[in-house]
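**Q** For reference, the chains in residue letters:
Protein chains: 2
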Amino acid sequence: MAEALHMRGLNVTMVQRSAQVMSTLDPEMGQLLNRALLHNGIDLRVNETVQGFDQKAGLAVAVTTDKQTIPADLIILGLGVTPNSDLAKDAGIPLGPKDSIQVNSMQQTETANIWAAGDCAQSYHLVSRHPVHIALGTVANKQGRIAGMNLGGRPAAFPGVVGTAITKFMDTECARTGLNEREIKALGLEYSTGLIEAHTLPRYYPGSAPISVKVLAEKGSSRLLGVQIVGGPGSAKRIDTAATALHAGFSLEEMLYLDLSYAPPFAGVWDPIVIAARMALKEG
Amino acid sequence: MAEALHMRGLNVTMVQRSAQVMSTLDPEMGQLLNRALLHNGIDLRVNETVQGFDQKAGLAVAVTTDKQTIPADLIILGLGVTPNSDLAKDAGIPLGPKDSIQVNSMQQTETANIWAAGDCAQSYHLVSRHPVHIALGTVANKQGRIAGMNLGGRPAAFPGVVGTAITKFMDTECARTGLNEREIKALGLEYSTGLIEAHTLPRYYPGSAPISVKVLAEKGSSRLLGVQIVGGPGSAKRIDTAATALHAGFSLEEMLYLDLSYAPPFAGVWDPIVIAARMALKEG
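These protein sequence lines are chains U and R, in that order.
In terms of the working numbering, the first sequence opens at residue 1 and continues consecutively.
In terms of the working numbering, the second sequence opens at residue 1 and continues consecutively.
Keep in mind the hints are simulated off the structure, nothing from the lab.
Reference listing, derived: stretches of chain R covered by chain U, where coverage requires no fewer than 3 residues with Cβ under 8 Å from a Cβ of chain U:
hint: 1; region: 229-239
hint: 2; region: 263-274
With the C-beta cut set under 7 Å, the calculated list includes, among others, these residues of chain R facing chain U:
hint: 3; residue: Gly137
hint: 4; residue: Thr138
hint: 5; residue: Asn141
hint: 6; residue: Lys142
hint: 7; residue: Val161
hint: 8; residue: Thr164
hint: 9; residue: Ile166
hint: 10; residue: Thr167
hint: 11; residue: Ala175
hint: 12; residue: Thr244
hint: 13; residue: Ala245
hint: 14; residue: His247
hint: 15; residue: Ala248
hint: 16; residue: Tyr257
hint: 17; residue: Leu258
hint: 18; residue: Leu260
From the three backbone atoms N, C-alpha and C, an ideal C-beta is built for every residue, glycine too.
Pulled out of the complex, with its shape left as it was, chain U reads as follows (with noise of 0.2 Å):
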């Protein structure tokens, strides 16, 4: 929406509760993205919180926070996403993370004849091995296609998710694979860290953009645990690699020859998240 608005020419602030947009990254990646909202002029307020809004004759006009008064001609909410699991929970069905909707592979819940797929539904996290609630489009398409079959009468099932997740604000892109440091604390697992600057292209190259990789993986194992990417274009949709090393529970050694496409208009010859990959195994 930030973006959408801006293109159309309007002033935008925007206030965040919390240290950084995009909770779903770590806070040194999540701070590329706030860099990107303040160079383009968005006006980004963070570790500020709404308390409520100033009305004249019936009509929001400004917003409140415990620092200031903003006063605004349009006030969009974004309080993020809740399972709409209710008519589920009223008819006894058990629930799960975030209140998700328990089910198993088939999207079958626990009550015969009752399957639940989407938004409102949980997935199992392949990474993690926990149930988790991820309201996402491409799993809620997977979910639906599982439980159709199996309504059909063609059993199938859903092996689950890693967790990929993509979006981008003007020119900056960015995207996450697999588990970020919060989420890796709360399983009690030890971990690994690979950072590292690149560019999308070799930097002769037309078009070569900047792009940060983060690779975070088991200490002993090295078992691979997650990605994160923010870069110009041409960055975020290279995080499908290291999706893909996730469903087959690759180690960082594992990553370190895969046989990735390289020419220069495409990429350099050591693709960043490999280099990344090398990075956290000398750390663990």
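Based on the hints, put chain R in the right spot on chain U.
**A** Then chain R, alone, in the frame of chain U:
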């Protein structure tokens, strides 16, 4: 070269002995490249063999083929790549595919204390499970790193390649990984095929471009054998997902629910590689 000269405003004629450019792609995928060349004004002549050159005052002034004589100011020969392995051969070091130097996974030749890496040396192909000669910078860099580590006293092994390559002509990108039909047939494997035309982004999103994806898999096991991509901007780098899946030895079933990144500026909900894998699974 055709692209560079075309962009400089030169009239470019390409004489190709076979029916298509990019012999590393299957015919229907190579044809898409042929079309891109023709569409951009390259005078592409396929199934035509260069036989010699007309000279005037010691300078080549025309190319003679089995069909005609083509006057030219500048003639560039693209005749393929041959390993520069004479030194090794003369020293009695065994050679492998296409006379590349035989090495083990440590880049050691059969002769003590002699190592080889790069375009002169063979690689192990993880999909065909045979030695192969692939003269690409990305393979050479990996082999050089392995050889250097071993020479420096730190043992390291190169796991092998999956045959990934990428290039482009103007706005048309292409990439491949794994084995193509010719290579699969040479191994005597039975295979199924999934071939789809899709778009890089949802069609309503600016910059959405056509993308064709071909997936090849072993019949019976449904083991992924190869993927080829030809399409507009943003197409070809997606080959890395398939390359990583080949490293993992994934079956088509394991491709179907990969948690790949989705947001309208980056992709559709179902990745074209996944859709093509689904098609191949139906056939197989």
